[in-house]
Amino acid sequence: MTKTIVAAVLSAVALSTSAAEISGSIGATNQGGLTARAGIGVEWEKSWFQSDTGH
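Residues -19 to -1, 1 to 36 (mature numbering (1 follows the signal peptide of the UniProt record, and there is no 0)) make up the sequence shown, in order.
No lab work stands behind these hints, which were simulated from the structure alone.
Backbone N, C-alpha and C fix where the C-beta goes; we use that ideal spot for every residue, glycine too.
There is no bait here: all hints are sound.
Estimated spans, in silico, between C-beta atoms of each pair:
1. Asp33 <-> Ser6: 37 to 47 Å
2. Gly22 <-> Met(-19): 16 to 26 Å
3. Asp33 <-> Val(-11): 34 to 44 Å
4. Val(-11) <-> Gly14: 19 to 29 Å
Sequences are here, hints too, so could you generate the full structure?
Following this line, the structure appears as structure tokens:
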């Protein structure tokens, strides 16, 4: 399982652009389970609720 996660992360890094952010985490639960999370974020250069004063 660890090799699969590492391969997925490396593939995502190889395919990403310089504007993408890649994150991931692995943890264990109290019941002996394994929890994994992976994410990719992209800066869209847009702001919600932006006004003329910069807010």
